[in-house]
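Enquirer: Sequences listed follow chains A and B, in order. Quick note: the first sequence, position 87, residue 87 per our numbering, numbers continuous. Quick note: the second sequence, position 51, residue 51 per our numbering, numbers continuous.
Worth flagging that the hints you see were computed from the coordinates, not collected in a lab. Nothing here was measured: the structure is a model prediction, and the numbers come from that model. Among the hints, a few may not be true.
[What the hints assert, rightly or not] To spell it out: a stretch of chain B is covered by chain A in this simulated footprint if at least three of its residues, at any positions, have a beta carbon under 8 Å from a beta carbon of chain A; those stretches are: (1) 173–180; (2) 258–271.
[Unchecked claim] Only pairs whose alpha carbons sit at most 25 Å apart, straight line, appear in this in silico DSS-like list of lysine-lysine: (3) K140/A <-> K182/A; (4) K289/B <-> K89/A; (5) K89/A <-> K336/A; (6) K182/A <-> K289/B; (7) K89/A <-> K262/A; (8) K225/A <-> K292/A; (9) K140/A <-> K237/A; (10) K289/B <-> K70/A; (11) K262/A <-> K337/A.
We treat Cβ as the ideally placed atom computed from N, Cα and C, and that holds for glycine.
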Amino acid sequence: MNTRLIRRMIGAAALVALAAAPASAQNLTGAGATFPYPLYSKWFDVYHEKTGIQINYQSIGSGGGIQQVKAGTVDFGASDAALSNDRLKEMPRRVLHFPTVAGAVAMAYNLQGFTGTLKLTPDLISGIYMGTITVWNDPKIAAANPGVTMPPAPILPIHRSDGSGTTNIFTTYLSLVSSKWKELVGANTAVSWPAGIGGKGNEGVAGLVRQSPGAIGYVELAYAKQNQLPVALVQNKAGKFVEPSLASTTAAVAAAADALTKDVRAPIANAAAPEAYPICGLTYLLVYQDQKDPARARALANFIDWAIHDGQALAESLDYARLPESVVKVNEASLKKLTAGGKPLMAAK
Amino acid sequence: MSGSITVAASSPEAARSLGRPRPRSAPWADLACHGLLASLAALVLAVAILILFETARGAAPSISAFGFHFLGSTEWDPVADRYGALPYLYGTIVSSALALTLALPLGIGTAVFLAELAPPRLGEAVAFLVELLAAIPSIVYGIWGVFVLAPWLRSALEPWLVAHLGFLPLFRGFPFGIGMLNAGIVLAVMVSPTIISLSRQILLALPGSLREAALAMGATRAEAIGVMLDAARPGLLGASILGLGRALGETMAVTLVIGNTNRISASLLAPGATMASVIANEFTEATGKLYLSALTEIALVLFALTVIVNALARLLVRGATGARRDIAGAA
Chain A
1 MNTRLIRRMI
11 GAAALVALAA
21 APASAQNLTG
31 AGATFPYPLY
41 SKWFDVYHEK
51 TGIQINYQSI
61 GSGGGIQQVK
71 AGTVDFGASD
81 AALSNDRLKE
91 MPRRVLHFPT
101 VAGAVAMAYN
111 LQGFTGTLKL
121 TPDLISGIYM
131 GTITVWNDPK
141 IAAANPGVTM
151 PPAPILPIHR
161 SDGSGTTNIF
171 TTYLSLVSSK
181 WKELVGANTA
191 VSWPAGIGGK
201 GNEGVAGLVR
211 QSPGAIGYVE
221 LAYAKQNQLP
231 VALVQNKAGK
241 FVEPSLASTT
251 AAVAAAADAL
261 TKDVRAPIAN
271 AAAPEAYPIC
281 GLTYLLVYQD
291 QKDPARARAL
301 ANFIDWAIHD
311 GQALAESLDY
321 ARLPESVVKV
331 NEASLKKLTA
341 GGKPLMAAK
Chain B
1 MSGSITVAAS
11 SPEAARSLGR
21 PRPRSAPWAD
31 LACHGLLASL
41 AALVLAVAIL
51 ILFETARGAA
61 PSISAFGFHF
71 LGSTEWDPVA
81 DRYGALPYLY
91 GTIVSSALAL
101 TLALPLGIGT
111 AVFLAELAPP
121 RLGEAVAFLV
131 ELLAAIPSIV
141 YGIWGVFVLA
151 PWLRSALEPW
161 LVAHLGFLPL
171 FRGFPFGIGM
181 LNAGIVLAVM
191 VSPTIISLSR
201 QILLALPGSL
211 REAALAMGAT
221 RAEAIGVMLD
231 AARPGLLGAS
241 ILGLGRALGE
251 TMAVTLVIGN
261 TNRISASLLA
271 PGATMASVIA
281 NEFTEATGKL
291 YLSALTEIAL
301 VLFALTVIVN
311 ALARLLVRGA
321 TGARRDIAGA
331 A
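Isolated chain A (complex conformation):
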């Protein structure tokens, strides 16, 4: 615990040092979410080669990112969960959300002697994680999987033990599909789990699933794909069983476009479109609407503009779902709202 604290202190000190460095338009700093970090670091590399602008990003977690934005020590923060109204009010100035990519959460399972593909309904997932469905041969599971026999093994639900954007996506989804879940547990980066055991990180959950017969766990889609875990088809709002994939995730974001136009923080989980995978969420950049230094602000706006257009092409090779055209438009509108000292930044565009 000591070393952790010290590491964080060093990290914070480094951030302060970076922010205190002479304000140069060639240098931007950001901090926050770990989930999109592989993509962001690729973006920063490519963008540096293209424009010479260097972006230093500390993947200290969404919580840390939000703190740094609040303290004004970074040019942008990054968070897997949108800020609630209460948290927005705590901020010294108005903060804009820019969704960058979408992530999906896949249900990985370990059923020995079962060869088909497991199908799950929203009721089954919430029942399993509530601890009310406890064996694989429960009649409710059999009803969703006609024609296959389920083993009489107990179900071991596995969740993330660390606070994570993945948990936020998963519990936001469960709160949308189950009023009982919303009332008793709720949605957050960490919740009070009614059942199951916790593994640390995607690798911790996947490790427990892989070696515990009868286990089921939720992991990031990218992680499930790269490790070729068997994943369940999940029934969406339209009643279709959909496989988690980049395409079905982007479809879910597109289906939520109207809601996102009204409020970019709207949840995208449980979309109504027939091809949409239901358990997914967006990850955001957090930026003050009114910037202090016009030169830095312009550099930041240019980067975001690049990330939501050209940058999207890099997303899929790293297993992130790209934004649909409709949500790129929402971001373009937010970019136009950015000002420096009250003057609009992107007027020329």
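Guided by the hints, dock chain B onto chain A, whose structure is given.
Expert: Chain B alone, transformed into the frame defined by chain A:
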């Protein structure tokens, strides 16, 4: 935050160097040296005080929101912003106690063998290997716990415990392989090297005349070892408390194997969580002010627990003997 009783304060090396003739030097050099060393020592103290101060300051919102209820509540709900440390306090104490229960007989038994019975060459070699064990990073122990120990516990030991000792509440429930028992065993393996290495040195530091006197009185070998153990008791106590300190603060390995749920269960087969593990798990993504403060208060409670354990150890070691303090200090 591993326990650190300074048992090395009066090592034989230090004593020897004091006896060495001092090189002639100007008085100002002595003064400068004294000043430098004193400020280094003050720096260490200042860091400890600063940590305590900062932790207490960070925990203040949580302390004022929950008061003493924080220590007695089992609720840990980031959604509703209500926090209680009891499951973590319980998990820390039970996992460490379990570890010590397993590690003490193993550690002291091994130390007696290495110091008293094994040929000196073999003793040296084994002691060297044991000390290497202490240098393995804790994540490696954790991964071993998940991928080697857990499957064995799930398929062999835990079903056996349930079948034969299931009448005890300690061994009820479904054998997951992950949980308090796994954490206790991994911690026992981690603290054993500390206990073995220190206990062996304590036994070796005892005057040989003690053993010879016992044997001359007609004691059997086992009885002579009993005499040695009795003489070394304060030192051995210190060694086990040092091991306990390591178990209390261990984070990474425990987080991987304990199952991370905030439920208190009498069964060792059930999953649990410790104070260090919940901080490691939730600190980075804790977004609310009170949430962060509650985690900081957990750190404060852990700090207090470590201080209490170390203070208790010092009292025990000091109280156990006045005359034998040199023996305890020899470790």
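Enquirer: Which of the listed hints are broken here?
Expert: 8
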